[in-house]
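Protein chains: 2
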Amino acid sequence: MTTESLLPAPPGVSGDAFRHAMARLPTGVTVVTTQGPDGPVGCTVNAVMSLSVRPPALLVSLASESRTLDRVLECGSFAVNVLPWSARHLARQFATGTAAQRFAGVSWQPQRGIPVLTAASVAAVCEVGSSVHVFDHALVVGVVTCIRADEQHPTVLYGNGQHRVGG
Amino acid sequence: MTTESLLPAPPGVSGDAFRHAMARLPTGVTVVTTQGPDGPVGCTVNAVMSLSVRPPALLVSLASESRTLDRVLECGSFAVNVLPWSARHLARQFATGTAAQRFAGVSWQPQRGIPVLTAASVAAVCEVGSSVHVFDHALVVGVVTCIRADEQHPTVLYGNGQHRVGG
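Order-wise, the sequence lines are chains E and Y.
Position 47, counted from 1, in the first sequence is what my numbering calls 47; the numbers after and before it change by one each time, with no gaps.
Offset between the second sequence (1-based) and my numbering: plus 1000.
What the hints contain is simulated information worked out from the structure, not anything from laboratory work.
Careful, some of the hints might be misleading.
Stated by the list, open to error - To give an idea of the chain Y side of the interface with chain E (calculated C-beta under 7 Å), a few residues:
hint, residue
1, PHE1018
2, GLY1028
3, GLY1039
4, ALA1047
5, SER1052
6, LEU1073
7, CYS1075
8, GLY1076
9, VAL1106
10, VAL1122
11, VAL1128
12, VAL1134
13, HIS1137
14, VAL1141
15, VAL1144
16, ILE1147
Here a beta-carbon is modelled for each residue, glycine too, at the ideal position from N, C-alpha and C.
Looking at chain E on its own, in the form it has when it is part of the complex (with noise of 0.2 Å):
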């Protein structure tokens, strides 16, 4: 690496030069689900990290217009599915359309009331502990209440395409 190898900042960042080095760093695949008015609703999400052991806890960063979003803070509740390579093909469909086209064909129980999909390869089901807005994203504490795991090989996101890992 040399010196100049590393963009000038702010302003210097441009938002493509960001996009591209950030999609550099690999991440799980996860679709996040609440109950909504008018039934489940859900929407893909990359950005999920564990957060505390005590008590158990993750993170997960939503869109500040997210319906999804409203929807976690009117219900106080929500679950994290990680997607696993077998269920990849849902990171898209829970990206765009209504909630009704998110789950259309799609494999769901609820659990404590929130919709937990079936193809999960960990399911989380949390209570909201906190949030806090910074900058165009809502940085979202849950508390976890239920979760379950099991080995399926999972997707990582990766210059921006899907990948499936370990074998």
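Dock chain Y against chain E, hints included.
Same frame as chain E, now just chain Y:
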């Protein structure tokens, strides 16, 4: 999935069950670095996410007792160094020992006064925008002032093991 496969809730989600499940959410592997009063310091961090494009910002979660956290907040700037597969050994090196031991044999360059690892596949130098303590961690918002990325295969942490992504 059956209802029974979801473990019951607070206080029913044990630390072990939570750790086991969250290890199945794949993450990138980074080293967060900053300049301490006695030289470069840093630690391995798996909890990093992109936050916003305007301004270009990311979020890092550090344990409240982390020495690196103290140095980051004192300095006001830090770098996120994403580890490619070829530098995956640095995750272990930056997880224990003194600052001198962590940087032993590691090539780095100062960038805006912050040590940036030569081996990083993505390097983002940030100014601390804000920070908030949640449970036993601090969430640090970094506004990105320099960023560069290359196409090296990244390292993914999954199921407590490191995996290579993409070919």
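Review point. Was the hint right that ILE1147(Y) lines chain E, CB cutoff 7 Å?
Key: With a closest approach of 5 Å, the ILE1147(Y) hint holds.
Review point. Should the interface hint for LEU1073(Y) be scored as holding, given a Cβ-Cβ cut-off of 7 Å against chain E?
Key: 17 Å, violated
**Study point:** Interface hint compliance - VAL1141(Y) to chain E, C-beta minimum distance less than 7 Å
**Key:** 6 Å, holds
Check your understanding: Does the CB of CYS1075(Y) sit less than 7 Å away from some CB of chain E?
Key -> 16 Å, violated
Exercise for review: With a cut-off of 7 Å on the beta carbons, see whether PHE1018(Y) makes it to chain E.
Suggested key: The hint holds - PHE1018(Y) has a Cβ within 7 Å of chain E, the shortest such distance being about 4 Å.
Check your understanding: Quick one, is the VAL1144(Y) hint okay against chain E at 7 Å, beta carbons?
Key -> Nearest chain E Cβ about 5 Å off; hint holds.
Exercise for review: Grab the minimum C-beta distance from ALA1047(Y) to chain E and call the hint holds if it beats 7 Å, violated otherwise.
Suggested key: 4 Å, holds
Exercise for review: Double-check HIS1137(Y) for me: the hint is only fine if its C-beta lies closer than 7 Å to a C-beta in chain E.
Suggested key: Cβ of HIS1137(Y) sits 6 Å from chain E, so the hint holds.
Check your understanding: Taking the closest Cβ pair, is SER1052(Y) under 7 Å from chain E?
Key -> 4 Å, holds
Point to revise | Interface hint status, VAL1128(Y) versus chain E (Cβ within 7 Å) | key: 12 Å, violated
Exercise for review: Verify the interface restraint on GLY1076(Y): the C-beta must sit less than 7 Å from at least one C-beta of chain E.
Suggested key: Violated - the Cβ of GLY1076(Y) stays beyond 7 Å from chain E, reaching only about 14 Å at its closest.
Exercise for review: With a cut-off of 7 Å on the beta carbons, see whether VAL1134(Y) makes it to chain E.
Suggested key: 6 Å, holds
In the structure shown, a violation is registered for the earlier hints numbered 3, 6, 7, 8, 9, 11, in ascending order.
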